[in-house]
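Given these sequences and hints, build the entire structure.
Residue numbers (our numbering), protein chains in the order written: chain A, 2 to 296; chain B, 13 to 942.
Since the hints were derived computationally from the structure, they do not count as laboratory data.
There could be a bad hint or two in this list.
If you want a taste of the chain B side facing chain A, the calculated C-beta under 10 Å gives, among others [stated by the list, open to error]:
id: 1; residue: Ala46
id: 2; residue: Pro47
id: 3; residue: Ile48
Using 27 Å as the maximum straight-line C-alpha spacing, the simulated DSSO-like pairs for lysine-lysine come out as follows [said to hold, decoys possible]:
id: 4; chain 1: A; residue 1: Lys200; chain 2: A; residue 2: Lys258
id: 5; chain 1: B; residue 1: Lys62; chain 2: A; residue 2: Lys233
id: 6; chain 1: A; residue 1: Lys233; chain 2: A; residue 2: Lys207
id: 7; chain 1: B; residue 1: Lys544; chain 2: B; residue 2: Lys495
id: 8; chain 1: B; residue 1: Lys62; chain 2: A; residue 2: Lys258
id: 9; chain 1: A; residue 1: Lys207; chain 2: A; residue 2: Lys142
Here the structure is a predicted model, which means the values were calculated and not measured.
All C-beta atoms, glycine included, are put in the ideal place defined by N, C-alpha and C.
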Amino acid sequence: MTPQPIPLRSRAEGLAAHLPPLLAEAQHLAASVILGEHGRRRPGLGDAFWQYRPAIQGDSARAIDWRRSARSDQHFVQEKEWQATQTVMFWVDRAMSMQFSSAADVPRKADRAAVLALAAAVLLVRGGERVGLTNMSGAPKAGRLQLDRLARALEAENHAEDSAEYGTPDANLLPAHARAVFISDFMGDMAGVRSALTKAADRGVKGVLMQVLDPVEEAFPFQGRMIFESMKATLRHESRMAGALRDQYQERLGARKDALWSLAQSVGWQYHCHHTDDTPAPAFLWLYHALERPR
Amino acid sequence: MVVFGPIGFGAPWLLAGLLALPVLWVLLRAVPPAPIRRRFPAVVLLLGLKDETAQAQKTPWWLLLLRVLAVGAMIVGFAGPVVNPQAKQDGSSPVLVFIENGWASAADWSARISRVRSALEKAGQAGRPVAVVVSGDLPPEGLPFMAAGAWGGRLAGLAPVPWDVALSPAVDVITQSEAEFDTLWLSDGLAQAARSPLLRAFEAHGQVEVFQSPAARLGLRPSTFSDGVIHLTALRDAPGPARDVVVAGIGPDPSGTLRVLSQLPLSFAPDQRTASAQLSLPPELRNRITRFRIQGIDSAGAVSLADDSLRRRRVALLGGASGREGLELLSPLHFLHQALQPTADLLEGTLADLLRASPDVIILADVAVLSSPDQKAVAKWVAQGGLLLRFAGPRLAASDAGRDGEDILLPVRLRAGGRTVGGAMSWGEPRTLAPFSDVSPFFGLNLPEDVTVRAQVLAEPGPDLFARVIATLADGTPLVTRKTLGDGQIVLFHVSANAEWSTLPLSGLFMQMLNRLAVSTQPARPVADELKGTVWVAKQLLNGFGQIDVAGDRPGVQGTRLVQAPADDLPPGVYGSDDRRIAVNVIAPDRVLAPAQWPARISPVWGGAPRARDISGWVLALALGALALDIFASLVLTGRLRGAKGLTAGLVLITLWPHPDMAQAQAQDQVQDQALAVQDRVISAAANVTLAHVLTGDAQVDRVAFAGLTGLSDELFRRTSVEPAPPVGVHLETDELAVFALLYWPVIADQPLPSAETYLRLNRYLNAGGMILFDTRDGDVAGFANSSTPAAARLRTLARPLEIPALEPVPEDHVLTRAFYLLTEFPGRYIGRAVWVEAAPSDAPLAEGMPFRNLNDGVSPVVIGANDWAAAWAVGASGAPMFPVGRGLAGERQREMAFRFGVNLVMHVLTGNYKSDQVHVPALLERLGL
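Written as structure tokens, this is what we have:
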């Protein structure tokens, strides 16, 4: 069952309610004209005090800080810190493989991914950041309206019929020096992931790889004669003794996870694996810490 | 049908399918169970993985075996297996089933009928017409051959008859028939002359198969009574090893239920055909026995009905006071003594004593007048069914009894004086008797020539004289007259009981006349001559199985027919005429049973072929069970039944598994223990004062009643010197009521009505001085319903059969108001409803200075109220009251008054009207403040 946008948003907001506003870390940013709450550790336009500098020809008389100037003979001007908003781009995998849930009480991977993404977006918007989806038209924006747009876009993707079997991360429209969050099960082709990450790293985008898996995909609790099919039945594998395949399957799964982790490390991203039968709070906590400004 | 040993198959070609089983095995083996399809997005990780074990997964061998077994069982089941198939009968001619249904066939009648049924089935399968002929009821025209199925319903109507059935009429019927048929002859095993002709007649038509039980047939000769003991003889038809049988004497016990009164073991010596023994019983028991029966045999021949020959009548003899001793021969009672001594129990004494001994006959020999109370007593006794036999004599002739008007104890009015004929001073010869008319009880008796009458008392002619004469002289003078009085009769012999006036007492006719009047009973079987002219009516009839049937309206039987063998017109039973009873038994007193003799070519069989049983149903059920198991096993193997699903399946199987019912055995033990406990309770209740409550069936009401009586008992213990035992719940139907002082009866609307015997016991209890306290417990609503609440209506229905006197509300000066405490109200949980007791006599006077009238000498048998006393008295286990009464302190006062009423009631029950005594008046006046 795909959740409605409003409940999705309220759930996401509920999840984010107990965490302080998220402040993204900016390592080095290109000059930008838009102001935000993140200090750039350099003087510039902003609200927070940075340093005092002597006044030069051309500063308006109003800008002189008289208290500081009274201590000495020169006139000083207060410099503010350069604050700029951060952009966080989300990519939530809505391919057919994500529409799978193994039991009725386990949510689908796509739903869990959407919840996590939107929760993070809520916190970011509260902290004044700009959020966006990689496949959404229009630039990433800040504000609560953007959250509605995000939710609507995630919902609309749910109803697309001809999605592919497995999703590939979309790194085409990532603004430079933004942050990215890729939430998927990463069962698709690793080459696609690699190329996306490379592209993102070229632009200087740092981010998070969050892998969402179903518990049966992790544990492989199958016995006997089985025919495994992908969600659109394009791939199938027949086994006469499924129990005997378990070890090999888990080996392969571990290998893929390792590949993902090492790939993320190599481009400076972070990787986490979440299972849908767990509560989303630990995963979100991790996501929050991952996007938190390093202290 | 193809037969393999004990099993035959109806459709044997289906068994060819069993050849396909190996092919099935190979097929099933090669086809593994179907795989499950699963959606699994991570299948990309599985691509390329190979199963480790190279061999294909095969079905496990035991599952294969189960499936093959299931298919095999289905094939066999559909092939129609039959256990014990009947061998094909050669011949297709019709079958005659000839059933002998004399009394000897009743003992194993059900086995015969089942043999006939299996013969019908066999014939039905072969399509042969069947005729079922019963030897006692031969078809008038030809043998009725019909389809076998048509006879099935008629078998239930066949029954053995309780007499010997001759086979000679059957010989005629069979020889007249010209059809060809095979015969199944169910013989009863007794020898008959017509048996070999009948066998030859059957063999002339076809094959004969004889069905006869090898067990010996038993019979019981009629019981005889002589020398004070009963002689019983049992017969068997074939001598054999020693055998013991038990003969039971059955009769009504004092309460009327039939039960075995006495048992006598008889043992057949080896190779003996008779077994005799003697039974000695007290007269009371002997007079009550109605029949003897060999225990364990259900046939009319094993029953011997008892009649008057076992009973001795009680005859009371009363002669006038004779002051002449030594002249015994002239005593009027001498001849009666001699005549009646061997056959009746004689009583002598004063009339009052004699009446108290409840004789069957009172003989007054030459008694003229009785005193008035004696006369009344005798008249009452006669009206209740006694026979008063009076003889004339000098005293009666000299008295004026019955001269002016009809005396109540004389059948006719007598003329003054008498008549002397043929004596020294008279003309003529002594007169002889005239032959008896056909309405007289003496009709048919032979008149010896030497009976003459010299003197007699004359009857006054009148309108009703003719109807009352039962014997006359040759010239028409009445000799014996009789009238009925109520249920009994009074007979007057107009001659004396000794030989002075006539030679009648010297002759055998006298004995016979006394017999006919049922004054004496004959120990020996009557002969035809004695019964000539009498008509007997069947009172009880015996059916073929030895059970007593009610005799419907059957025509009377001539006495001479009665002594002959029983047949269709004389079924065995007890026949009565007036007061006499004669039993017609199946077996004559001198009968000897002989077994039937068959020629060597005929060997009777018994048991017959066991009935063919079709087991295809069972085999198919087995196949279905195997398939169900296979489903279960497949589910387990493919892993679909795991975890919670398997657990629930296992639990369902366990709960549906049938387990033996142990609860029933436990319940029976409990009932027995309870019965013993009840006995002990009753015994201990008799030793103390015990209050009892009637168990109504409603557990709550009974609990409250018990608690209430416990509370009342405790209060009695505390306040008075009455120390009651714990109260007892009484089952009205089973428990003894007499041991309880007070019976508390809470009436509920749906209380079951007690049975008639219970009402008898309750009435006896009330008459003996018990008291029942009826409590309808609806005092709170009784006022609104105007005494027509459901409980009150039920009480009216319950109490209707009880013998309750008229009731009235308790008057102010009833002894209940002062039996222990001085009370004005009798509250229970409710207050204000009237309490009803036995009505005082309306004319009870109030003496001067007495505060109360002298009412009710005894204890009122019932007290009826609606105030729910038990709830007010009820205490719980801790001693605290169980139910609230009223509110607050006023309620507690009301409870106290309720207890006082209870104490008063128990004191009244135990002491009656003690407090009505004058001795208490001053104290009472003082207490009442007067």
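(message) Run the distance test for lysine 207 of chain A versus lysine 142 of chain A: straight-line Cα separation, threshold 27 Å.
(response) The hint holds at about 19 Å.
(message) So, as I understand it, the hint says isoleucine 48 of chain B touches chain A; can you test that by seeing if any CB pair is closer than 10 Å?
(response) 5 Å, holds
(request) With a cut-off of 27 Å on the C-alpha distance, tell me whether lysine 200 of chain A and lysine 258 of chain A pass. (result) 21 Å, holds
(request) Sort out whether lysine 258 of chain A lies within 27 Å of lysine 62 of chain B, counting only the CA atoms. (result) 22 Å, holds
(request) Would you check the hint for lysine 62 of chain B and lysine 233 of chain A, treating anything up to 27 Å between C-alpha atoms as holding? (result) This hinted pair holds, its Cα atoms lying about 23 Å apart.
(message) Please check whether proline 47 of chain B passes as an interface residue: C-beta within 10 Å of a C-beta belonging to chain A.
(response) Constraint on proline 47 of chain B satisfied, holds at 4 Å.
(request) Decide if the proposed pair is consistent with the structure: lysine 233 of chain A and lysine 207 of chain A, CA atoms, cutoff 27 Å inclusive. (result) Judged against 27 Å, a Cα distance of about 33 Å means the pair is violated.
(request) Grab the minimum C-beta distance from alanine 46 of chain B to chain A and call the hint holds if it beats 10 Å, violated otherwise. (result) Nearest chain A Cβ about 7 Å off; hint holds.
(request) Compare the distance between the alpha carbons of lysine 544 of chain B and lysine 495 of chain B with 27 Å, and conclude whether the hinted pair is satisfied. (result) 23 Å, holds
Violated hints amount to a single one, hint 6; each of the other numbered hints is respected by the structure.
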